[in-house]
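Enquirer: With these hints in hand, go ahead and build the complete structure from the sequences.
Number of protein chains: 2
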Amino acid sequence: MSENALHSWLARRLAGGGERVLVGAGADDCAHLDVRGLTQIAVSVDTLVEGTHFRATDAPFAVGGKAGLSSLSDLAASGCRPLWGVVALTLRRGLGDAYAQEIMAGIIAAAETYHLAVVGGDTTSAASATTVSVTVIGAPFGERPLCRRGAQAGDILVVTGELGGSLAGRHLCPVPRFAEIKQLLTLAPVHACLDISDGLALDLHRLLAASGVGAEIDENAIPLAAAARALAPQSGKTPVAHALGDGEDFELLFAVSASDWEKIARAWEHCGIATRLTPIGRVTAEKGARLITVGSVKELAAAGYEHRF
Amino acid sequence: MSENALHSWLARRLAGGGERVLVGAGADDCAHLDVRGLTQIAVSVDTLVEGTHFRATDAPFAVGGKAGLSSLSDLAASGCRPLWGVVALTLRRGLGDAYAQEIMAGIIAAAETYHLAVVGGDTTSAASATTVSVTVIGAPFGERPLCRRGAQAGDILVVTGELGGSLAGRHLCPVPRFAEIKQLLTLAPVHACLDISDGLALDLHRLLAASGVGAEIDENAIPLAAAARALAPQSGKTPVAHALGDGEDFELLFAVSASDWEKIARAWEHCGIATRLTPIGRVTAEKGARLITVGSVKELAAAGYEHRF
Numbered sequence: 083m084s085e086n087a088l089h090s091w092l093a094r095r096l097a098g099g100g101e102r103v104l105v106g107a108g109a110d111d112c113a114h115l116d117v118r119g120l121t122q123i124a125v126s127v128d129t130l131v132e133g134t135h136f137r138a139t140d141a142p143f144a145v146g147g148k149a150g151l152s153s154l155s156d157l158a159a160s161g162c163r164p165l166w167g168v169v170a171l172t173l174r175r176g177l178g179d180a181y182a183q184e185i186m187a188g189i190i191a192a193a194e195t196y197h198l199a200v201v202g203g204d205t206t207s208a209a210s211a212t213t214v215s216v217t218v219i220g221a222p223f224g225e226r227p228l229c230r231r232g233a234q235a236g237d238i239l240v241v242t243g244e245l246g247g248s249l250a251g252r253h254l255c256p257v258p259r260f261a262e263i264k265q266l267l268t269l270a271p272v273h274a275c276l277d278i279s280d281g282l283a284l285d286l287h288r289l290l291a292a293s294g295v296g297a298e299i300d301e302n303a304i305p306l307a308a309a310a311r312a313l314a315p316q317s318g319k320t321p322v323a324h325a326l327g328d329g330e331d332f333e334l335l336f337a338v339s340a341s342d343w344e345k346i347a348r349a350w351e352h353c354g355i356a357t358r359l360t361p362i363g364r365v366t367a368e369k370g371a372r373l374i375t376v377g378s379v380k381e382l383a384a385a386g387y388e389h390r391f
Numbered sequence: 083m084s085e086n087a088l089h090s091w092l093a094r095r096l097a098g099g100g101e102r103v104l105v106g107a108g109a110d111d112c113a114h115l116d117v118r119g120l121t122q123i124a125v126s127v128d129t130l131v132e133g134t135h136f137r138a139t140d141a142p143f144a145v146g147g148k149a150g151l152s153s154l155s156d157l158a159a160s161g162c163r164p165l166w167g168v169v170a171l172t173l174r175r176g177l178g179d180a181y182a183q184e185i186m187a188g189i190i191a192a193a194e195t196y197h198l199a200v201v202g203g204d205t206t207s208a209a210s211a212t213t214v215s216v217t218v219i220g221a222p223f224g225e226r227p228l229c230r231r232g233a234q235a236g237d238i239l240v241v242t243g244e245l246g247g248s249l250a251g252r253h254l255c256p257v258p259r260f261a262e263i264k265q266l267l268t269l270a271p272v273h274a275c276l277d278i279s280d281g282l283a284l285d286l287h288r289l290l291a292a293s294g295v296g297a298e299i300d301e302n303a304i305p306l307a308a309a310a311r312a313l314a315p316q317s318g319k320t321p322v323a324h325a326l327g328d329g330e331d332f333e334l335l336f337a338v339s340a341s342d343w344e345k346i347a348r349a350w351e352h353c354g355i356a357t358r359l360t361p362i363g364r365v366t367a368e369k370g371a372r373l374i375t376v377g378s379v380k381e382l383a384a385a386g387y388e389h390r391f
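Line by line, the protein sequences give chains A and B. Just so you know, the first sequence maps onto residues 83 to 391 in the numbering used here. Just so you know, the second sequence maps onto residues 83 to 391 in the numbering used here.
The hints are simulated quantities; they were obtained by calculation from the structure and are not laboratory data. In this text the structure is predicted, and so the values were computed from the model without any measurement. Think of the CB as a built atom: it goes at the ideal place given N, C-alpha and C, for glycine as much as any other residue. Heads up, some of the hints might be wrong.
[As the list claims (entries may be wrong)] Cβ-to-Cβ under 8 Å is the rule here; a few derived chain A residues that face chain B:
id	residue
1	T134
2	D156
3	V168
4	A211
[Said to hold, decoys possible] Label-pair distances were calculated between CB atoms; the ranges are:
id	chain 1	residue 1	chain 2	residue 2	range
5	B	S90	A	H197	31 to 41 Å
6	B	H352	A	A191	52 to 62 Å
7	B	A291	A	G294	48 to 58 Å
8	A	R311	B	G99	54 to 64 Å
9	A	R175	B	R175	14 to 24 Å
10	B	A291	A	A312	48 to 58 Å
Expert: Put into structure tokens, the structure is as follows:
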């Protein structure tokens with residue numbers, strides 16, 4: 083399949099355009115987008131690399147889906163609704179038509195689920211690994227996007243869903259928490275938020291460092307995914323260690339004031355959203371993160387997944 | 083060097099922020115950008131792959147520069163001024179600190195030259211080839227961005243600069259034609275425009291197809307780069323064949339009405355812009371592209387650089 087043929091297929095597949103799309107995918111080197119009436123946009127990019135984030139044997143539709151969803155998860159954590167995405171796809175030579183189309187179909191399916199219009203991209207080929215990079219643009223549900231910074235001493239730290247063991251399968255189909263953050267923002271101001279992509283411990287440290295604060299985390303409060311418990315006997319790690327270090331949970335970690343947390347906790351069960359919210363600790367003026375369990379306090383290192391070059 | 087260390091270096095390097103940047107590089111998963119008062123934006127992405135667009139032995143600063151400049155060239159061809167860029171960098175493992183920083187320094191230098199603020203990115207590692215993908219966002223100099231489509235029968239087709247032989251060196255340092263397109267737009271409406279990245283023949287066909295028209299090109303009018311003449315004796319191709327097929331010229335090809343072309347040609351020498359404008363042919367209602375030379379007319383095939391998977 084040639085670049086032109088793939089582009090023609092994509093232009094047909096994406097012919098619907100989308101919200102505020104004036105010139106979309108395939109029609110030009112640039113997409114033209116209408117921003118009238120918007121005050122702020124948020125932009126993020128995430129890359130998946132064969133051999134690192136997915137295996138050559140993974141279904142290409144699922145790989146595309148994961149690429150789209152992990153970028154979308156950044157928008158959700160910023161309290162933004164999705165608007166537009168552009169895709170940079172570098173295909174390992176020899177993978178053929180069906181693979182290229184399947185990877186794009188996976189991205190497009192993820193995009194459509196969350197009303198993101200894929201408005202452009204670039205396709206190239208490489209001798210070795212496939213890489214998929216999705217840039218997403220969104221607009222805040224509220225006045226402005228949320229940040230990692232902004233957590234204040236006394237705030238409650240809360241996570242959505244359950245953590246750990248994503249490699250058992252959940253990592254391929256992250257669920258961006260748009261409904262949850264949109265609902266939260268109607269209930270109370272969120273001081274700081276991010277999505278847990280590199281493990282609770284490392285991402286917690288990022289939120290705390292950006293905010294210039296510390297935290298005490300209750301080890302027993304961390305909500306454990308069934309997969310974290312299931313992997314523990316084979317891995318030799320505790321389920322909590324999986325939750326702290328595995329990454330690719332794509333759950334939200336956010337900080338709200340203690341009084342707002344009480345309000346949110348009371349309202350949440352009536353919101354019609356099944357995703358659990360769990361308070362896991364408290365923001366402190368003293369920096370660093372301390373993991374508290376019955377009768378002991380220990381420093382929590384900023385360990386998690388980091389790329390090394 | 084770890085992902086976090088590279089990010090800290092980048093955050094320091096990019097601490098200046100930029101126009102309309104509320105939350106910039108390194109501070110968050112998303113950049114937050116002010117779009118108040120803008121009506122349209124244009125978005126484009128371009129990827130460079132080691133082994134395809136650059137060699138492992140090329141200086142990483144130059145590779146980063148080319149990545150930034152080739153994306154910027156798409157904005158110039160759309161008649162847009164640069165606003166923001168995000169970078170997806172996948173580094174071949176083992177390249178080390180200096181290489182990663184040099185590639186980013188090259189991107190940032192290119193960005194700063196054209197007032198593009200690098201506001202975010204994602205860095206990953208791969209076992210094999212390095213890939214650099216730069217997404218750029220701009221806003222139109224005029225009312226709306228320019229497109230490939232819009233050329234009309236009777237229009238004059240014009241190119242900036244000289245074509246062919248970019249592989250002799252020019253391909254590593256493209257010059258996005260911002261000053262030229264901005265000046266052109268003050269002189270007359272531009273009906274259609276693109277940058278010649280895959281060779282005049284292929285990109286001309288793209289412009290004609292998007293516009294639903296054809297063209298007659300005067301073979302002797304095509305402005306030949308010195309490198310196209312220099313390569314010809316070794317390559318066995320004619321200089322014109324280099325100009326038609328080499329690609330990576332990053333010159334503009336645009337269509338304006340015949341009367342506007344006269345106006346532009348008269349005004350251009352007083353504009354203070356050294357870049358030459360050359361009329362190379364005429365848009366026709368009859369589709370296809372015909373290459374006209376003294377005493378003969380031949381079909382011009384849409385040949386140029388295409389990635390094959």
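Enquirer: Each of the hints needs a verdict: does it hold here or not?
Expert: Okay, the hints, checked on the actual structure:
1. T134: holds (6 Å)
2. D156: Because about 4 Å separates A:D156 from the closest Cβ in chain B, which is inside the 8 Å limit, the hint holds.
3. V168: Cβ of A:V168 sits 5 Å from chain B, so the hint holds.
4. A211: holds (5 Å)
5. B:S90 / A:H197: 31 to 41 Å: For B:S90 and A:H197 the Cβ distance comes to about 35 Å; the hint holds.
6. B:H352 / A:A191: 52 to 62 Å: With a Cβ separation near 55 Å, B:H352 and A:A191 satisfy 52 to 62 Å, so the hint holds.
7. B:A291 / A:G294: 48 to 58 Å: holds (55 Å)
8. A:R311 / B:G99: 54 to 64 Å: violated (45 Å)
9. A:R175 / B:R175: 14 to 24 Å: holds (20 Å)
10. B:A291 / A:A312: 48 to 58 Å: holds (55 Å)
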